[in-house]
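Please take these sequences and the hints and turn them into a complete structure.
Heads up: the sequence lines are chains A and B, in that order.
For the first sequence, position 323 (counting from the first letter as 1) is numbered 323 according to the UniProt record's numbering, and the numbering increases by one without interruption.
For the second sequence, position 177 (counting from the first letter as 1) is numbered 177 according to the UniProt record's numbering, and the numbering increases by one without interruption.
None of these hints come from the bench; they were simulated from the model.
Where is the CB? At the ideal position from N, CA and C, for every residue including glycine.
Incorrect hints may have been included.
[Claimed, not checked] Some chain B residues close to chain A (C-beta under 10 angstroms, calculated; not the full set): (1) S75; (2) G168; (3) S275; (4) T281; (5) D294; (6) F297.
[What the hints assert, rightly or not] With a straight-line cut-off of 25 angstroms between C-alpha atoms, the simulated SDA-like cross-links for lysine to any residue are: (7) A:K233 <-> B:F297; (8) A:K237 <-> B:T95; (9) A:K418 <-> B:N104; (10) A:K149 <-> B:V79; (11) A:K149 <-> B:N78.
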Amino acid sequence: MSRSSVPRVRTRSAVLASAAVAFTLALTGCSSSDTGSVSADGKITLTVGTFGTFGYKEAGLYDAYMKQHPGITIKENPTTVEGNYWTALQTRLSGGGLDDVQALEVGRISLATSEDLAGAFADLSDAPGVDKKDYLPWKWDQATTADGKTIGLGTDVGPMAICYRQDLFKAAGLPSDPAAVGKLWAGDWAKFVEAGKRYQAKAPQGTYFMDSAGGLFNAVVSSSPVQYYKDGKLAYKDSASVKTAWDLAVKAVQGKTSQGLKMFDTPWQTAFSKSSFATTVCPSWQQANIQQFSGPANKGKWNIAQPPAAGNWGGSFLAVPASGKHVDEAKKLVAWLTAPEQQAKVFQKVGNIPANQAAYDLPGVVDYKNAYIGPDAATGRIFSTAAQAIKPAETGPRAGDLTGAFGTGVLLMEQNGKNPEEAWNATVRQIDSTIQ
Amino acid sequence: MASTTAPSRNGPAGRQDTQPPPARPAGPVAWRSRLHRWDTKGTPYALVAPFFLVFAAFGLFPLLYTGWLSFHRVSLYNVDRAEWVGLRNYTDLFTGQVSHYFWNALLNTFTLGVLSTVPQLLMALGLAHLLNYRLRARGFLRTALLAPYATSVAAATLVFALIFSPEGGMANWLLGLFGAGPVHWEAGRWSSQFAISVIVTWRWTGYNALIYLAAMQAVPRELYEAAALDGASRWQQFLHVTIPALRPTILFTVIVSTIGATQLFGEPYLFGGQSGHQGGTDHQYETLGILMYDQGFHSSMLGRASAVAWIMFGLLLLIGLVNALITRRLRGSQ
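Put into structure tokens, the structure is as follows:
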């Protein structure tokens, strides 16, 4: 008994010791294997975090850059929905794990340039090859902090047009030529809602004039000089544009001219292929969605017209987190990606209108025509004219959240059967509870 | 086991101890027996240590840290800058700005819990009872029970979201066969909660059925034979033999399911698509878990989210307490 107990003690303590070693290794494993993003042959890997469609891969820009810079490999980490992307980005800002380049949506830029967050990003105004004059001035200013640090370079802006289904307009007895369609509602969003009533009176069975009254709401607010903020303060309750937009959305809902879809959600995507609505507000980036979701079967049925008022919906920036391992290389990459030539290529590939106004003069931009949406329409001219006509509105740290809250507020009427007053109160309550 | 007073086999030839204590034999034997004593006393602790170390690092510390955060105003992107606000986060939830959503979420957690737990356990009992008989392909059927449980929440929820889709979903098509109008499942309070509880029920029924089945196998066959001789039908056998024998198991599954229901998050979150983070446009199926996520990661108010986390923790402790009381009562009555 005692003889056998000696080796047992040994084996057991050996097992224990090795378990302890394994355990410690497991705990420290993650840090010891971390050799940075420089591989053995001295190559640097730059990661780019994006959402939606930035079009760099589609336009072959990463490949072109890697060819020019043999020491650099670029990896994109794309997310589909911006809300999810932003949530993850916020977590990583405090916890680590940021990409070398991070895209920022315009609704977040004010928060990103605030005192709280600006320190997390590198200054891009001195990046090689960056010329402030190239960028739309208001776009440049949006990403610049109070003390003059530019934390993001504009990738694209969201000048709005209206995309519409030519065949459905014809069937409902409305004009279908882009110029005539634009005249239907020129100068006033209220006329757009009126056109909806005319459409609905003779609409082909099961179709609606617009996809979502929330889209209309956002379009009206987006084309107003005063939106949710005034003099640095949240002022949505007294904002004339918010009231006008809300009333028009109510009209659209009550006139049943909207299909009541939640934008970007799956049913919204499938409705494109089912041809169940005739118009959608069409910021330049929307072209990619229309083409993708409507599918080849609907090619040639969409067309594009001037909006009731010029406005900007969306558009993004590229920023470089200051904590990155390769800040200088990342800054170079961002400067190159947002340079006029590259922005023009992205525009031609996926339709994102350049934030770099020098790109407008390049061939293939102003004279651009979209083969899928109204091949005869002067798409490039419509968008670049609208982009230059945009009057920048004051934005604020929680602009992105407000857009979301009002989109939901309109849905409360469209999907949950609330009356306008209930829906408004619920929206206000939502905003009050989210913004401290 | 050798005792500590075992006589020395090596004799006095060992090391010369200046003052050999009488109770402790000298030499390697003493060393060995001391080792042995440590072994018997220490080894169990050493073996369980990894669990408790990991628990302390990933369970206890986050719990305490969350508790500390819940007394602060702190934003997700600036965790280092926390401002002490005392009980403010809790009062916000109970009576303040967010109270509307908090009580709504608490109620939803309860209704969703009942809607999914009750049918789930009843169906599991029935299924287990059927599978306890001699059936052809019994082994296959028993394995098949676990298939839904093995499916990921995301995959299951996406499929069910399609089934309950307002446009062209299978649920509305079925209703149409009976002449009932299409339902906008996601928009209504009860319809959406029903749809979500169908997902939960689908995923967990088989899992619970297997637990019941295991417990049923332990019920002596003679009891059934005796009952059958007395003329009891299968239903009566189920009621009067199976159920009483399964009582502790049923209690266990009720507790586990209740805990699961309190933490319900994935199904409603994914079911809601774009508005999943707030449990539907009208918060119609927002659970406590979703409220915590929405406050913390969507509105980036980490302090308030931590307060929700602690309230959920308190609720679970309460459930555990009730469980302990009922178990004691049950044991007492036996």
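We went through each hint and held it up to the structure:
no., hint, in the structure
1, S75, "holds (7 angstroms)"
2, G168, "holds (8 angstroms)"
3, S275, "holds (6 angstroms)"
4, T281, "holds (5 angstroms)"
5, D294, "holds (9 angstroms)"
6, F297, "holds (5 angstroms)"
7, A:K233 <-> B:F297, "holds (24 angstroms)"
8, A:K237 <-> B:T95, "holds (24 angstroms)"
9, A:K418 <-> B:N104, "holds (17 angstroms)"
10, A:K149 <-> B:V79, "holds (23 angstroms)"
11, A:K149 <-> B:N78, "holds (20 angstroms)"
Of the numbered hints given earlier, the model fails none.
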